[in-house]
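**Q** What follows is the residue order along each chain.
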Amino acid sequence: MKKTNLLALLGALTAMSWSATAQQTPAPKQTEAISIVGATAHLGNGQVIQQATLVFDQGQIIALGGPETPTQGQVISASGKHIYPGFITMGTSLGLIEVDAVKATDDQGDIGDMIPHVRSIIAYDAESKVVESMRPNGVLLAQVSPKGGMISGSSSVVQLDAWNWEDAAVKTDEGIHMSWPNPISQGRWWMGEDPGMKPNKNYSLQVDRLLQFIEEAKAYHQGGSATRNEPYEALKDLLAGEDAAYVAADSERQIIDAVQKLKAAGIQKVVIVGGREAYKVIPMLLENQVPVITQATHQLPFDADSDYDMPFKLPKILSDGGLVVAMHNMNEANHQNRNLPFYAGQLVGQGMNPEEALRVITQYPAKILGIDQSYGTLEVGKSATLFISQGDALDMRTNQIEHAFIDGRKISLETHQTELYQRYSGKYNQ
Amino acid sequence: MKNNAMRWALLLLLVQWVQAQEYFPKNDGVLVKKDLYQVFTEATVHQNSAEIIENATIVVKDGQIISVGKNSTYPKNAVVTSLKGMHVYPAFIDVHSSFGIKKPTGQSRGRSTQYDPSREGFYWNDHIRPEQSGIESFTYDAATAEKLRAAGFGLVNTHLADGLARGTGALIALSERSSNATRVISPKSAQYFSLTRSQQSQQSYPSSTMGSTALMRQFFSDAQWYAQGGSKTKDRSLEAYNENSRLPHIFEAGDLDAVVSADKIGDQFAKKMAIVGGHNAYEDIERVKKTGATLIVPVNYPTAYDVSDPLMASFITLSDMKTWNQAPSNLAALDRAKVPFAITTHGLKNPGDLMKNVRMAMDYGLSESQALAALTTVPAQILGQSNKIGQIKPGFMANFTVTNGPIFHEKTTIHELWIMGEPHVIHPKDLADIRGDYTLQFKETNYKLVIGGSLEKPSVQATKDSVKLTAKAERDGAWMKLQMYDQDQGGWMRFSGNALLVKDRIALSTDVDNTPIALLRTAPFDAAEKKVNPKEIRAIVPVTYPNVGYGYTQKPTAETVLFKNATVWTSEAAGVLTETDVLVKNGKIVQIGKNISAQGKVIDATGKHLTAGIIDEHSHIALKSVNEGGQNSTAEVRMSDVVDSKHMGIYRDLAGGVTTAQLLHGSANPIGGQSAIIKMKWGAPAEELIYSNSPKYIKFALGENVKQSNWDSGGNRFPQSRMGVEQVFVNYFQRAKEYDDIKKAGKPYRYDEEMEVLGEILRGERFISCHSYVQSEINMMMKVAERFGFKVQTFTHILEGYKVADKMAEHGVGGSTFGDWWAYKMEVKDAIPYNAAIMQRAGVTVAINSDDAEMSRRLNQEAAKTVKYGGMSEEEAWKMVTINPAKLLHLDQRVGSIKVGKDADLVLWSAHPMAVYAMAEKTMIEGAVYFDRELDQQLRKQVAEQREMLIQQMLDEKNQGRPTQLKSSIKPEEFHCDTM
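These protein sequences, in sequence, are chains L and D.
Quick note on numbering: our numbering labels position 92 of the first sequence as 110, and the sequence is numbered without any gaps.
Quick note on numbering: our numbering labels position 174 of the second sequence as 251, and the sequence is numbered without any gaps.
Think of the hints as simulated: they come from the structure by calculation, not from any bench.
Treat the hints with care, since some could be wrong.
Facing chain L, from chain D, some residues (calculated, C-beta under 8 Å) [unchecked claim]:
| # | residue |
| --- | --- |
| 1 | M389 |
| 2 | Y524 |
| 3 | V527 |
| 4 | A882 |
| 5 | W899 |
| 6 | P910 |
| 7 | Y911 |
To spell it out: a stretch of chain D is covered by chain L in this simulated footprint if at least three of its residues, at any positions, have a beta carbon under 8 Å from a beta carbon of chain L; those stretches are [unchecked claim]:
| # | region |
| --- | --- |
| 8 | 281-287 |
| 9 | 648-662 |
| 10 | 725-738 |
| 11 | 935-943 |
Yeah, the Cβ is synthetic: ideal placement off N, Cα and C, and Gly gets one too.
Taking the hints into account, I'd like the entire structure generated from these sequences.
**A** Okay, structure coming up:
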């Protein structure tokens, strides 16, 4: 055995032995009604109820209103505190990557250009320590997405307190992820080419290849094929208009091409991911009812000449234009997903109404994911996936989560990190 | 056989040209001696850029000028040429060339990194090659010589352009009529240097500019030591350098920063260097002037970008566009500032572009006299040959150019180049102009011809009864050929004859029969018809400080400013003061209190918060490179050598309230390089960003990066384990101690920059900021330090600091950590966001840092995270990005808090500084406002307007058929610790 292989194996073993240590135990089903009283309820749809009473039972919100609303069961007094719907983080590698630098722990992508049949959900590690670290910040739901190639596979939505991926799944295989070809390519400097950016001569060719794949899948689904084709099978719901196509596209040209060509190919639900220049084509996106998942606000501007605060305000510009907007941070390490509330807080600094900013991490992602009938807002009849924060949950100082519930289950807010905190705080207090 | 015959033919040809060397035996004839003078009369002689003699006579003998002057008498045995109406200039000299010397091609890299040199008996580093002798690998390149002569050059100084120390160059006359025996004027004319690695070795060090700079310093120092007999072993590199140390030094640098850097090296070792570069000297001409160096400036202006596609245009920064726009103004700026400079063809694809580009420089204000000096007397001075070349004076080499007008004028033709007294015809000067409209009668058919084109390369259009015919005209000096295709005449008609117009008639003959025929001119050539593109003198965008987007037209200056009625976060025991005024004068905080009144600018800060500027203890912005990973210890490298004052990270940091940052070396090796601690003075040059009397810091690193865990490097560099990391430190400190002992004992020693720096650590004069993750290594580092009697100043990252916080407090080391990063590699598996709180409570001075250009501009938010994670009080949290990092950087007496007497490095926030929605509205450094949110709006407009103007100019370029390039510069990378 080669030394490098041995090392890789050793690395894998170390990683495995580490992730095998204890995680937080998932919470049991809700057994009695719970009433939260006296808090400011941020509904996630732009509205606020002061002095709210929120009652939920069997995982569902059954009453929500002012102080006059009758309570049931266990009462949690939350006077001066805030209730929020669980935040929803998009396009993540949560549960797919545990340690970025250790290849053995990375399951986010596979090889091949067109692999819609690979499914993120089955690789999702419900016991990931990164996953549990989301919860104390109010991030309770996540889209788990594959990455790489032109068609990367299908994503699923999970709730972040589960025994295994089946428990975790809120909606499986809800979308197909694609990278729209780039009309600009960078020189392959390692092959001696000039490293600058230049027009990609193969752009049209690559677009055609993607579209041809879709056309072939359509033909396949008309029946008559003697053999089963998994990649085409995987596009079935997409072609039927049930799944969304999450298309990574940043420049104006990519966005226009992606939307127009995919719509023309009969894809009904198109979501632009990235959308760096989406602000240039807002009317077109509105007309086609295309939501945009921008990069999280905590980014550097794309180039030297951009406004220094361009990434801070892009979601606001799009939202002001009437688009449905969410944020992703798939270009960063996945532990950063716990900063989702602060990405939204940044929008408030840009002059966005706090309740509008909140929608970008609650109602809007739920809509995009097609889970808005249950999640994303606090409404009677919806899932009791929510949390209580001591203060403004979009601000670092006051995002102090006291209780969190997923489908009415009171989940643990302890993590590997809080345990170490307690252990070592104790060490010095001995 | 055929080859042999060819060789003989060539050889014979050569023999004919070459002047016989008189002590050589001669067997193909008899030895004859020539005792004749060459005399040129009636010329306008430009002896140099200042002295012109009209109607002058030049007397030349044996390649030397004997006399120049009006009515010079000359001996009878003279060949006399009249140059009536002609101008004579000294032939140009290119002082920086690799003419006739092939650059070595790259070595392929092995699987493992090569740390040791490939050579024995030479310098310890393969990239130092002063023993190279350019002349050894020189082969006269006739084709290039012809191009250079056509551009007016008679001499080039060539060298082997490879390595940091490149060895000696040679001065070559571009004379076709001689052999290397005479055309090599000096086989050792200069010593050449650069900061670019040799292609002949894969030795890993230096892998960065700061490494190259450090190596260059060490090399010059070693040369002195060697000369004093310090070495017990032979080093042919150092010997070669010392032997040639009196030769002129030519340093190939690059842009303005590189020029300043090269000059600094020269100054340190009292080496006068001519520096190649400074194509952007106009950006800060005073800075260039201060160096006192003579520049050798290339004129390879960038090509305009093809911006016809808006998408591509969006990838081209204003900075790139400005570089294109402003480049032709460079020489004029140097001229105006009286900076001595030579011009080189270096970097030009075709030497023929030189004249065009110099003329372009003249359109923007370069004087003819300076242009001439830059191509003649200045190169001669650089080479120490001012009494021999570069002018037309008695005793000088007979190298001169004959033109039909002022040499830089567009319509002037260079006719001849006389090199060492031998003529080289570029464009024959007695060529008759035969262009014009003609008729030709041949076999009872009438043809009309229009002869155009250039004098030497005429073109022809022929018609018969208004029907166009295929026709071709060629001219070989005085002889011309004409071909026309006419089916009725049996196909191609061929004519030839002397290209001589006599009474509007050119007599030709045809080889079809013996009938003499004639071209009859009906109209002379109309020069106005010649299609010339209108000359483009584009408007030059003004230089800004820095000269990129968001640069200021004037550098910010300190003002007297009174902040009225602010909530003041002092970061001192005074805490947070409400409704308080702060007065700033002469760059300092002079008063804090209520109801202060003062002359000067008053800023109403009601409802706003005023804090000290944020200090980022760990940053890699504004650097041109970050890691010198070529060795496991690189204490000798200085980040100050690679500070990039134009990096947008500075402006963005200002917009995030950051005023100070420690620019650290990366973590590629256990002992990294020396930090540059800067203030974000946007618009100031690199050397002014760096703190005056800066405390001295160095980066150390532990863990995965230094043991090269996460990339494939071949695994042949010690250490590959944390065990090894300790031993590296122990070994280096022990060596530094022994080195210091020898020094103290007054014994002779080899100055070793690395040991000097480590010695500073041992003596407590330099402080370590140590990249660290897990508790074992943290503990180890402290023990190593204690063993050698010093303290580690700061552990940076220090993600498991909370596990050994008690030990840290006891050792007295600070902790500079992330707000909440983890999970990106194995060694951060136990990193917790509560780290800062636990360390702080254990008595450690804690800072929150970024190591990241994005996070750096939101450090106020990262500080706020310590409130969430671990319950820090807001005041304590705020100290973690102000006074605490100031303490960790030994700057707390100067910055980091709002206190009377401290530097006025202040930030006015729109709201509570740690609120997620707070914006820095004004950021001040030493009383000067370097960022202002309102001004930023204007700068955005300025960026947009200038982009638009330059896009218009570049579209003009393209649409008028001038060359453009369809690509962008690469998007600048943002550095982290482990960026290689």
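**Q** Would you mind marking each hint as holding or not holding in the structure?
**A** Checked hints:
no.	hint	result
1	M389	holds (6 Å)
2	Y524	violated (48 Å)
3	V527	violated (41 Å)
4	A882	holds (7 Å)
5	W899	holds (6 Å)
6	P910	holds (7 Å)
7	Y911	holds (4 Å)
8	281-287	violated (count 0)
9	648-662	violated (count 0)
10	725-738	holds (count 4)
11	935-943	holds (count 4)
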